[in-house]
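Chains as they are written, first to last, in the working numbering: chain P, 14 to 390; chain Y, 14 to 390.
The set of hints was computed from the structure by calculation and includes no laboratory data.
Any given hint could be a false lead.
Just so you know, same-sequence chains aren't split out, so a pair can sit in one copy or run between any two.
Straight-line C-alpha distance at most 27 Å; calculated DSS-like pairs for lysine-lysine [said to hold, decoys possible]:
| hint | residue 1 | residue 2 |
| --- | --- | --- |
| 1 | Lys-188 | Lys-260 |
| 2 | Lys-255 | Lys-163 |
| 3 | Lys-247 | Lys-260 |
| 4 | Lys-323 | Lys-78 |
| 5 | Lys-223 | Lys-255 |
| 6 | Lys-175 | Lys-223 |
| 7 | Lys-175 | Lys-48 |
| 8 | Lys-362 | Lys-79 |
| 9 | Lys-71 | Lys-315 |
| 10 | Lys-323 | Lys-48 |
| 11 | Lys-163 | Lys-315 |
| 12 | Lys-71 | Lys-87 |
| 13 | Lys-321 | Lys-163 |
| 14 | Lys-255 | Lys-188 |
Predicted model, so just to flag it, every value in this text is computed and none were measured.
So the chains spell out like this:
Number of protein chains: 2
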Amino acid sequence: MNKIISLLMLHMLCLAPAAAQFGGPRVDESTLPGKRGELNVRNAMYPRILPDNRVEFKIKAPDAKKVQVDLGKKYDLTRNADGEWTGTTEPVMSGFNYYALFIDDVRVADPAAESFYGSGWMSSGIEIPYPAGVTDFYIADVPHGDIRMKRYFSATAGDWRKMYIYCPPGYDASKESYPVLYLQHGGGEDERGWAQQGRTDVIMDNLIAKGQAVPMLIVMTDGNTRDFEASLLKECIPFVEKNFRVKTDRESRALAGLSMGGIHTLNVGIPHPELFAYLGVFSSGWWANASPFGGGGNDNEKYYTMLKEKKELYNKQFKQLWLSMGGKEDIAYNNCQVMMKRFDEIGIKYTYFDTPGGHTWPVWRESLLKFAPLLFK
Amino acid sequence: MNKIISLLMLHMLCLAPAAAQFGGPRVDESTLPGKRGELNVRNAMYPRILPDNRVEFKIKAPDAKKVQVDLGKKYDLTRNADGEWTGTTEPVMSGFNYYALFIDDVRVADPAAESFYGSGWMSSGIEIPYPAGVTDFYIADVPHGDIRMKRYFSATAGDWRKMYIYCPPGYDASKESYPVLYLQHGGGEDERGWAQQGRTDVIMDNLIAKGQAVPMLIVMTDGNTRDFEASLLKECIPFVEKNFRVKTDRESRALAGLSMGGIHTLNVGIPHPELFAYLGVFSSGWWANASPFGGGGNDNEKYYTMLKEKKELYNKQFKQLWLSMGGKEDIAYNNCQVMMKRFDEIGIKYTYFDTPGGHTWPVWRESLLKFAPLLFK
Chain P
14 MNKIISLLML HMLCLAPAAA QFGGPRVDES TLPGKRGELN VRNAMYPRIL PDNRVEFKIK
74 APDAKKVQVD LGKKYDLTRN ADGEWTGTTE PVMSGFNYYA LFIDDVRVAD PAAESFYGSG
134 WMSSGIEIPY PAGVTDFYIA DVPHGDIRMK RYFSATAGDW RKMYIYCPPG YDASKESYPV
194 LYLQHGGGED ERGWAQQGRT DVIMDNLIAK GQAVPMLIVM TDGNTRDFEA SLLKECIPFV
254 EKNFRVKTDR ESRALAGLSM GGIHTLNVGI PHPELFAYLG VFSSGWWANA SPFGGGGNDN
314 EKYYTMLKEK KELYNKQFKQ LWLSMGGKED IAYNNCQVMM KRFDEIGIKY TYFDTPGGHT
374 WPVWRESLLK FAPLLFK
Chain Y
14 MNKIISLLML HMLCLAPAAA QFGGPRVDES TLPGKRGELN VRNAMYPRIL PDNRVEFKIK
74 APDAKKVQVD LGKKYDLTRN ADGEWTGTTE PVMSGFNYYA LFIDDVRVAD PAAESFYGSG
134 WMSSGIEIPY PAGVTDFYIA DVPHGDIRMK RYFSATAGDW RKMYIYCPPG YDASKESYPV
194 LYLQHGGGED ERGWAQQGRT DVIMDNLIAK GQAVPMLIVM TDGNTRDFEA SLLKECIPFV
254 EKNFRVKTDR ESRALAGLSM GGIHTLNVGI PHPELFAYLG VFSSGWWANA SPFGGGGNDN
314 EKYYTMLKEK KELYNKQFKQ LWLSMGGKED IAYNNCQVMM KRFDEIGIKY TYFDTPGGHT
374 WPVWRESLLK FAPLLFK
């Protein structure tokens, strides 16, 4: 009986199954290539990251006919005699990358890794080391702010939602009021994206410690709603201004977002220059053509008309209309190019920042790193 | 080119793949049985919960040989002509339940559901409705506290860790100091467990609104560390008492945990009656026999000796030594029974609460619901 209880307790404490599935804590890691992914779950020895940022996978699936890894590109893994499927990818970009396994053509998350809400499901994530000397995206021994999860009822969405709010170091001890950046995730993501995939608190703690960014709150809301403008202006901003010590003038308010969040930023920020002095549009831009979700194409003309009619006001009032792009390989590149051409024709001033990497989180982390220092100065 | 961009953007916004994989937002839900699981990812029509709390699954896996659902019990799904695997479970217990899929015998999370860190991996979770009239575990229109994610460097663990801190409604506006409950997760879980699976903030907001619990902070730390006593006493408690307005006397400090966290609670709480006036031990108890992780068996005699030698002090100083159990089907039942027998022999006073459900989150939510009202009065 005692033995049975022991085994049950062992199972309950969940080390045994994890060990079996993931190659186990009893494996001598020094015998394995590279190092464990930092987003591997506890005890997971694979995936492993090799010195040149290639990633080695080993997945136990004796009865599967086919196992693949999708890291933007799909890789077929090879079955060994133990029923483990192994393979090594090409070098992967530094920073956070989504990935998935395909087991007999079913897309699933890797049981060996942490999951992150992206592409509309809980996708696997892998963190590839940054080159030596790049410290902006790593936790450092500096004063740390925190991220607060607050629940609120959204009448526009008709349900309870969560808002994530980054508060800078010293917020609680201080008496002063802070400026606010409202920062939106992309399509298929939610309020967790910037906090988890984006490492917003780490980036901001580091920038503030170096004096490169002013202490600010960063509000991350759920942009998956029928009426984003109403949810932001009628619900989120009033909620934040009621519950936090924040400045409420337009010079102390910024709005930014990536991909779908960039379109949210344009669609709310352009009609409301009285509310925001800074706009950040990461890997986005109005649809150059009709959007498959409605809008886009000619629907954008109303915004261009606003910009034309009050060109001087926009150029005077926007302290930043800041556009970033992940290079030509970014799937939003064309939309952004078309939009900038229209801005040029109208005579609207903007800043354009381009960094290689495509439509990915490394590009969006880099965008926040470059955008935040421009705010509220 | 525009068309290609559209398709790419469509893919980027991630609605199409989700729709295809999950049965899609375009499905007329009124034609489907029951209702979507509330932890389904956006657009996932399955799993669906039937009125009697049976769960219906439908998973697209045309090329799989075998698909199973493991909800404590394993269910074989049946393949239909469209390559979808379907099946219905027996009625499932109300509240949060971990589950997994097995695709050709590989344990994976359900791509249609949110994932939760438990059993040492990102497991799927399903929330089964509570009976009509049970409102304790649902968000209500009452004042809400928040949960704060704070990073700190743990010298005892040798890495950066996260601590989750529930702050009650009114904490920021108030000047007063609050009592603190340190609340530990179980084996294979981490600091996220009580915040996510446990709905700690929802339970506490509701109790406080009804005047059934006093406003308190609840600190959820990562118990996966080589020296839990040192991490709690030398790192976590000092960190909390430095960064939050909390009372620091023993009468204002409680320690509780579930399963492995219950053992942590006993192993730190019994040697330190000068630090804690309340102990809560949920679905746990010292190993009745030698523990597979070291300790247990005779190693517990030192604690029983402490209890014997200072019986009067313990009985006087512990305002609660509170034990809860998920019925005889709880895998910790035997250990707890043996421990209570020893308490009785020594003459140590304790409170025992038993609720059916086994070694599960519904039992632990119920335990917090019953334990929190006993604190700091």
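**Request:** Kindly indicate which numbered hints from before are broken by the structure, ordering the numbers from low to high.
**Result:** Hints 4, 8, 9, 10, 11 and 13 are the ones this structure does not satisfy, whereas the remaining hints hold.
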